[in-house]
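Peer 1: Sequence:
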Amino acid sequence: MARSRLPLRVAATCLLVAIAPSSLRAQAPVQESPDTASEAELLKEGLPLVPTRTLEMRATEGSWLSVDVSPDGSTLVFDLLGDLYTMPIEGGEATQLTRGMGFDAQPRFSPDGERVVFTSDRDGGENVWILSLDLTDTTQLTRGSHDSYISPEFTPDGDYVVVTKGTKLWMIHRTGGSGVQLIDEPAGLRTMGAAFGADDGLIW
42 MARSRLPLRV
52 AATCLLVAIA
62 PSSLRAQAPV
72 QESPDTASEA
82 ELLKEGLPLV
92 PTRTLEMRAT
102 EGSWLSVDVS
112 PDGSTLVFDL
122 LGDLYTMPIE
132 GGEATQLTRG
142 MGFDAQPRFS
152 PDGERVVFTS
162 DRDGGENVWI
172 LSLDLTDTTQ
182 LTRGSHDSYI
192 SPEFTPDGDY
202 VVVTKGTKLW
212 MIHRTGGSGV
222 QLIDEPAGLR
232 TMGAAFGADD
242 GLIW
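Each number in our numbering comes from the position in the sequence shown (counting from 1) with 41 added on.
Calculated lysine to aspartate or glutamate pairs in the DMTMM-like style (CA-CA distance at most 20 Å, straight line):
#1 206 / 164
#2 206 / 162
#3 206 / 167
#4 206 / 188
Pairwise CB distance ranges (calculated):
#5 238 / 96: 40 to 46 Å
#6 142 / 184: 14 to 20 Å
#7 245 / 128: 23 to 29 Å
#8 243 / 90: 39 to 45 Å
#9 107 / 184: 20 to 26 Å
#10 231 / 95: 35 to 41 Å
#11 227 / 137: 40 to 46 Å
#12 102 / 176: 24 to 30 Å
#13 234 / 184: 20 to 26 Å
#14 144 / 236: 21 to 27 Å
#15 102 / 198: 33 to 39 Å
#16 227 / 90: 37 to 43 Å
#17 177 / 93: 28 to 34 Å
#18 131 / 166: 34 to 40 Å
Worth flagging that the hints you see were computed from the coordinates, not collected in a lab.
All figures in this text were calculated on a predicted structure; none of them were measured in a lab.
Beta carbons: idealized from backbone N, C-alpha and C, even for Gly.
Go ahead and model the full structure; you've got the sequences and the hints to work with.
Peer 2: Structure follows, in structure tokens:
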């Protein structure tokens, strides 16, 4: 019986070896579809992305908006679908301030009402920007792709911006720079949505 089992094992092994290469040879090369190839090319280009088509729409209402009122109480600034707009506080037509592939959000007026600070990923990271309302000047305050800045707010004198970087509160000059962290401890404290009240020396 031992002699009869051995040839069967050898024969079965040889059969598997003979079949395996032929099955590999029969596989056809994978062809990328045009859509897949174009997506791969876009990924290689990096950020910011270049728009490939335009979608037009008319909005009469919105939700999950960030809204601020100008210091003189006459104008609203708000974000909608990744762009910034101003509108008279009594209602009417909105004026678009920003457009493009970047997602602009969380606008806040400067104390003089001539600029807005906001967050945007237009350069590939969630950073802080300042835009003059006459659209003549745009300043990028922060740079980087992993810091996740949120809820910026001008200081009452308009010279600095207080913003959450990650989970900590930072203060950055309106012209840019490295900034300074305002609260070090406790380590697990999460700070966001900073606001100033009647006392300029306190941040809520």
